[in-house]
Amino acid sequence: MNVRMKKLATALLLAALGISGPALAQLQVTVTSGVTDPIPIAIVPFSRAVPADGGLDVAEVIQRDLESSGRFKGMARTDMLTKPTTFAEVDVAGWKQQRNDYVVVGRVTALASGDLTIESEVVNVLNGLRVAGPRWTGKPAFLRNGSHRIADAIYEKIIGVRGAFATRIAYISVDGQPPKQRFQLIVADADGFNPQVILEKDRPLMSPSWSPDGTMLAYVSFETKVSAVYVQNIYTKQRSRVSARAGINGAPTWSPDGKKLALTLSGSNGNLDIYLLDLTSQQLTRLTDDPGIDTEASFAPDGSAVYFTSDRPGSPQVYRVGLGGNERPKRVTFTGSYNARPRVSPDGKQLAVLTLDEGAYRVALQDLASGTVSVLSKGRQDESPSFAPNGAMVILAGRERGRGVLQTVSIDGQTSLRLNADAGEVREPVWGPYQK
Amino acid sequence: MKLVNAVFVASFMLLAGCKTKPTEAPPPPPTQTDNTGAVDNAAGSVDDTDAAGPSGELLSKRVIYFDFDRADIRADSQSVVAAHAQYLAKNPSQKVRLEGHADERGSREYNIGLGERRGQAVRRAILLQGVAEGQLSTVSYGEERPAVAGSDEQAYALNRRVEIVYLK
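Chain order of the listed sequences is A and B.
Just so we're aligned: 23 in my numbering is position 23 of the first sequence, and the numbers increase by one with no gaps anywhere.
Convert by adding 1000 to the 1-based position in the second sequence; the result is the number in my numbering.
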């Protein structure tokens, strides 16, 4: 492993943070174990459009995105002998000699309209061909998003899977000591930049869930001292309360068609079961009926079934119930005494769960066809896994020195990126869908 | 392509919905206000201003603690629960909110369930003494409102609790 490159990558990240300085101010790459054969790639600094680019180092954003996936290893800039910005200037033999597989060059230019354009060229050093030329045009304020989109295109060209760098996450931030705490619902870029407060309350907010089109969040708020489920538009901030029934109103998740919420209701007798709420008609359909705790529903991506936590066998385990009508729930997890909060991968083939592993709460992946389980995270109190829309990464919450932190982990468990909050703690991350 | 998929999924959902015959309608949901956006809790929030409540050696104790993964009332808390139940039976206009809590380990929404289970255990014990159902409401905060910060056994023990909150 190239330790120097890792150090440089971290240094670049910290430098990037100095530029924008948002609420999430500490961001560091931690390679938790050796990455197997990352693809060596040189992202040469792009020519700049000063001052319209606001000082943003586009190539650095792209490099950090690609490295955060664990699939790439960026070349240190100090090792670059030349700094070409066009394909014609690329000395293929020289980059090959320095053991790169790919070189990315590019230019940021200001248009007469005031927009900025990123033009990039991806060169396969092994055969000397220009294999892709992703471009982006947009307002200067969105240059960072444009950089993520270029990274998405490069990732897709080389890996064969769409990148998920130009996506967003939602999470809960908590400040203060109990019982006086302040809760915020926050939406940020997938790399933790540009955090925006959607809602702030002095009573708990929890369980955010994205609508499939990425415009709305459903969540639980205790602002009236009891639980209620709300849905809120993240752009207009307009919100409506969709369930404030007696007892628990919890664990909302959106159906893949965006028309329904699965949620947990208890009634005044305290028996938690899962229901489907049609958001248009307000009609409720009961999905489970068991004296145990049934909660934490998650839809299969094709909308044909719901996975959920139930402690009907005596300890929490994951069950699946088909939505074809009148189906009986079937148990899905059998490894260990605690499996909860299931989330289904975008391809429907894997389940991320919270599992009790050697006395620690960790995130595990279970292959739904074979039943094979692999523990993904390494903390003592990890929770709330959520898949990136391309299925290549999972974001989760953990605790470090008594504080909640967020991290992304590649689904092979080998690369993790940690996002620490300035103050207080962050929890319950949910990865949003692809943006248009 | 994406639109085609969305339409397909949407029509699938509709078909799935149609398959559910009226005779197979699920059991009634927990409240009667299901088509109205369900605001019975909101109405509840009108009269839930916290009050000082009664004093006395047992009645001033308002927190019931629980063992790990348990929802049964411990022997050392029975007399406290009984004292509140007797007070409520004698004061039928007095309402209390039972706030259930869990320690921070495990999944958050499942812990909401565990907190509710504890709140219900206290509710049932109080109801047994002749208190009217309308005097009691429950809420579970799960692990979201710890009494104390900390990730050790001492903190966990103080956070696994039901708080009896007297209302005006």
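Simulated from the structure, these hints should not be mistaken for laboratory data.
Since the model is a prediction, treat every value here as computed from it, not as a measurement.
We put the beta carbon where it would ideally sit given N, CA and C, even for glycine.
Among the hints, a few may not be true.
[Unchecked claim] Once the Cα atoms are required to be at most 27 Å apart in a straight line, the calculated DSS-like pairs of lysine-lysine come out as:
#1 A:K157 with A:K349
#2 B:K1095 with A:K201
#3 B:K1061 with A:K180
#4 B:K1168 with A:K378
#5 A:K378 with B:K1061
#6 A:K436 with A:K259
#7 A:K180 with B:K1168
#8 B:K1090 with A:K180
[Said to hold, decoys possible] To spell it out: a stretch of chain A is covered by chain B in this simulated footprint if at least three of its residues, at any positions, have a beta carbon under 8 Å from a beta carbon of chain B; those stretches are:
#9 66–78
#10 116–128
#11 241–255
#12 293–304
#13 363–370
#14 404–417
[As the list claims (entries may be wrong)] Incomplete in silico selection of chain A near chain B, CB under 8 Å:
#15 V197
#16 F222
#17 T264
#18 S266
#19 G314
#20 P316
#21 K330
#22 V332
#23 F334
#24 G336
#25 S337
#26 R341
#27 E358
Verification of the supplied hints:
Between A:K157 and A:K349 the CA atoms are separated by roughly 24 Å; this keeps the pair inside 27 Å, and the hint holds. With a CA separation close to 26 Å, the supplied pair B:K1095 and A:K201 stays within the 27 Å bound. A hinted pair counts as satisfied when its Cα atoms are at most 27 Å apart, and B:K1061 with A:K180 qualifies at roughly 21 Å. For the hint pairing B:K1168 with A:K378, the CA-to-CA distance comes to about 48 Å; that exceeds 27 Å, so the pair is violated.
Of the pairs offered as hints, the one joining A:K378 and B:K1061 is violated, with about 41 Å between alpha carbons and a cut-off of 27 Å exceeded. Distance restraint check for A:K436 and A:K259: the Cα-Cα separation of roughly 20 Å lies within the 27 Å cut-off, and the hinted pair is therefore satisfied. Between A:K180 and B:K1168 the alpha-carbon distance is near 22 Å, which keeps this suggested pair within the 27 Å criterion. Under the criterion of a C-alpha separation no larger than 27 Å, the hint pairing B:K1090 with A:K180 is inconsistent with the structure, at around 34 Å.
Proximity of the region 66–78 of chain A to chain B, defined as three or more residues with a beta carbon under 8 Å from a beta carbon of that chain, is not established by the 0 residues found. Counting residues of the region 116–128 of chain A whose CB lies closer than 8 Å to any CB of chain B gives 0, which falls below the minimum of 3, so the coverage claim is violated. For the region 241–255 of chain A, the proposed coverage by chain B is satisfied: 12 residues have a C-beta within less than 8 Å of a C-beta in that chain, meeting the threshold of three. Residue count for the region 293–304 of chain A with a Cβ under 8 Å from a Cβ of chain B: 6. That meets the three needed, and the coverage hint holds.
Residues of the region 363–370 of chain A with a Cβ under 8 Å from some Cβ of chain B number 0, which does not satisfy the need for three, so the listed coverage is violated. Interface restraint, the region 404–417 of chain A with chain B: violated (0 residues with C-beta to C-beta distance below 8 Å; minimum three). About 19 Å separates the beta-carbon of A:V197 from the nearest beta-carbon of chain B, more than 8 Å, and the hint is not met. About 7 Å separates the beta-carbon of A:F222 from the nearest beta-carbon of chain B, less than 8 Å, and the hint is met.
With a cut of 8 Å, the hint placing A:T264 at the interface with chain B holds, because the nearest CB-to-CB distance is about 7 Å. The beta carbon of A:S266 is positioned within 8 Å of a beta carbon in chain B (closest approach about 6 Å), and the interface hint is therefore held. Here the hint on A:G314 is broken, as its CB sits about 11 Å from the closest CB of chain B, past 8 Å. Hint on A:P316 holds. Least Cβ distance to chain B is approximately 6 Å, under the 8 Å limit.
Given hint, A:K330 at the interface with chain B, is violated; its Cβ is 17 Å from that chain's nearest Cβ, farther than 8 Å. The beta carbon of A:V332 comes no nearer than 15 Å to any beta carbon in chain B, farther than 8 Å, and the hint placing it at the interface is violated. Taking 8 Å as the C-beta contact cut-off toward chain B, the hint placing A:F334 at the interface is violated, the least distance being around 18 Å. Interface hint status for A:G336: violated, as the beta-carbon distance to the closest one in chain B is roughly 13 Å, over 8 Å.
Residue-level restraint check for A:S337 is violated (minimum Cβ-Cβ distance to chain B is 11 Å; threshold 8 Å). Interface hint at A:R341: satisfied, since its Cβ lies 4 Å from the closest Cβ of chain B, which is below the 8 Å cut-off. With a least beta-carbon distance of about 14 Å to chain B, the hint placing A:E358 at the interface is violated under the 8 Å criterion.
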